[in-house]
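In the order they appear, the protein sequences are chains A and B. All letters in the first sequence, in the order written, are residues 1 to 257 by this note's numbering. All letters in the second sequence, in the order written, are residues 1001 to 1254 by this note's numbering.
Bear in mind the hints are in silico, worked out from the structure with no lab data behind them. Glycine included, every Cβ here is placed at the ideal spot set by N, Cα and C. Some hints here could point you the wrong way.
Footprint (simulated), chain A over chain B, 3 or more residues, beta carbon under 8 Å [as the list claims (entries may be wrong)]:
| # | region |
| --- | --- |
| 1 | 1049 to 1058 |
| 2 | 1079 to 1086 |
Beta-carbon label-pair distances, calculated as ranges [said to hold, decoys possible]:
| # | chain 1 | residue 1 | chain 2 | residue 2 | range |
| --- | --- | --- | --- | --- | --- |
| 3 | B | L1120 | A | L243 | 38 to 44 Å |
| 4 | A | A27 | B | R1037 | 53 to 59 Å |
| 5 | A | I66 | B | R1037 | 39 to 45 Å |
| 6 | A | R100 | B | D1045 | 45 to 51 Å |
| 7 | B | L1013 | A | T15 | 42 to 48 Å |
| 8 | A | L31 | B | L1120 | 48 to 54 Å |
| 9 | A | L183 | B | L1250 | 52 to 58 Å |
| 10 | A | L62 | B | D1100 | 23 to 29 Å |
| 11 | B | G1010 | A | L243 | 46 to 52 Å |
| 12 | A | A25 | B | L1162 | 56 to 62 Å |
| 13 | A | V26 | B | T1153 | 29 to 35 Å |
| 14 | B | F1068 | A | I242 | 30 to 36 Å |
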Amino acid sequence: MAAAGSLTSSSIAATPRNVLALRLAVAVFVLCVWEGLSRSGLFYGEVIPSLLAIFASMGKLLIDPIFWRNLQVTMVETVASLAIGAGFGITVGIVLGANRFLMRAFEPVVYYLSPTPRIILFPVMIMWFGVGPASKIALGALSAFFAIALSTAAGMRQIDPILIRVGRSFRANVWQMAFKIYLPAMRVPILNGIRLGMGTAIITVLLGETKLSNQGLGYMIMQVYTRFDMPGLYALLMLVFILAGAVNALIGHSARD
Amino acid sequence: MAETFLRRRGPELFGAATLIASALVFEALIRGGVVNRYIIPPPSDILLAFERVIVEENILTRCRDTAFEMIIAGGASVLVGVPIGVLLYRSALWRRAMEDWIGALAAAPIVLAFPLFLVLFGRSPKTIIVMGFVHGLAPIILKTVEGLASTRTVLINVGRSLKMTQSQMFWKILLPSAMPIIFTGIRLSWTFVLITIVGIEYLINLGGVGQLINELAERYDLPGTYAGICFVILVSVLFFLALERVESWLQPGR
């Protein structure tokens, strides 16, 4: 790696200070280009609104009770879908990880279904659970399930056999084995699975809301789009990206600790 | 012989048998009136609907439309992503400054920005292709950098001892060595591209197979909707299997 690194042709050292300076320079450049395009009149109407308008919209959104109410709906749906998906995912992951026969029988099904576009199952979820929040929760749970189940199964297989032997030598019962040996040893893979599952659950819940809903941030995005309120649309999308990134980073951080 | 086969393939056969048995149980429950057939159609009706979906709904033509969007978006991701990855590899400063941002782009819910892309590019395949391209870009960039950075020192030393030029070094040593990891990036990227394209087709009711599922659902053609979904899942699985095959062919040692 080091030798490969010597092939790079950078004249400025990659010190933390230089990295920070470059990031700031890139951010300022992008913002300047954006503002320049916005004022150039090259684009129709407010397709590229000025940064000032976007930040003003963001400020308005943050003091608007409707935004907070919709955020609350999306959060409840996401947390519920994650709880359900994690419950089923961890259970299935433990069963598949603990039993070689079942792993060979069913893991390929879970593995190959996991990267399919799940939003296409939304019509089925609407038929099963109606047009309310339940269909979004079900779709989100289904999305989260696959990542969590696969990560848990892989984590289960990676547990150090010595830990299991220690538990057995202390004559630990099934519950003690589960809560004192298996679950603590699988904390990182389970949290990683939950992080991945949460990412897909958020996206699926929001997409479900954009398709058919009368509440939630996804619904709000469609409302703003229908009004052609471009600064509002950019502001809302930025807030959603920031929120999703923050939650993702938080779970990632707890997985590393 | 049969016993050996059963012992070797027993779990897989058990898995397949369980799926078939589940379908049969559903068939019995639906025909017995326990499960409402207007919510879940009998599996036999879904199987029969396959022919209708293929012949009358032109699912193969729609698959071709989706595949066209896939090829353009996936191809553009490779054509743009690999050179960006190479440029980032060549500058340690740029790499360290941009890698986290590109990682954040890979994890961002870009697909949610489809209303924005609709405004920018109109309700046309262009929107679908651009969204697929943007979503597929980050994994290729990251894996290209990773692949080039993990080139073995001995290979680079061989190149130097042969007094290779920068260009020869890249084409004869770095790129072939990084190829398996770059392909892993391409597999991840094309998975993202496929999910985005089918998802957007469904959401904005335009294009290939995603639009078909939306139309069938809006017509309340239940067996057709389920058959369409099964067809898309089947095509997706075959697509991922093919990509995996190519990937393992590129990495025979793994």
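Honestly, do A:A27 and B:R1037 meet the 53 to 59 Å range at C-beta? holds, 57 Å
Mind checking the hinted window 48 to 54 Å against the Cβ distance between A:L31 and B:L1120? violated, 19 Å
8 Å C-beta criterion, at least three residues: is the region 1049 to 1058 of chain B covered by chain A: violated (count 0)
Is 42 to 48 Å respected by the C-beta to C-beta distance linking B:L1013 and A:T15? Because 59 Å falls outside the window, the suggested range is violated.
Given the hint of 29 to 35 Å, is the C-beta distance from A:V26 to B:T1153 inside that range or not? Hint holds: Cβ distance 31 Å, inside 29 to 35 Å.
Whether the CB-CB distance between A:A25 and B:L1162 falls inside 56 to 62 Å: At 39 Å between Cβs, range violated.
CB-CB spacing for A:L243 and B:L1120 relative to the 38 to 44 Å hint: At 23 Å between Cβs, range violated.
Quick check: does the Cβ-Cβ distance between A:I66 and B:R1037 fall within 39 to 45 Å? holds, 41 Å
B:D1045 and A:R100 - C-beta distance against the hinted 45 to 51 Å: Roughly 37 Å apart at Cβ, these two residues miss the hinted range, so it is violated.
The region 1079 to 1086 of chain B covered by chain A? Criterion: 3 or more residues, Cβ-Cβ distance below 8 Å. Since three or more residues must qualify, the claim that chain A covers the region 1079 to 1086 of chain B is violated, with 0 doing so at under 8 Å.
For the range 23 to 29 Å, tell me whether the beta carbons of A:L62 and B:D1100 fit it or not. This hint holds: roughly 26 Å between Cβ atoms.
Between B:G1010 and A:L243, does the beta-carbon spacing fit 46 to 52 Å? holds, 48 Å
Of the numbered hints given earlier, the model fails hints 1, 2, 3, 6, 7, 8, 9 and 12; all others are met.
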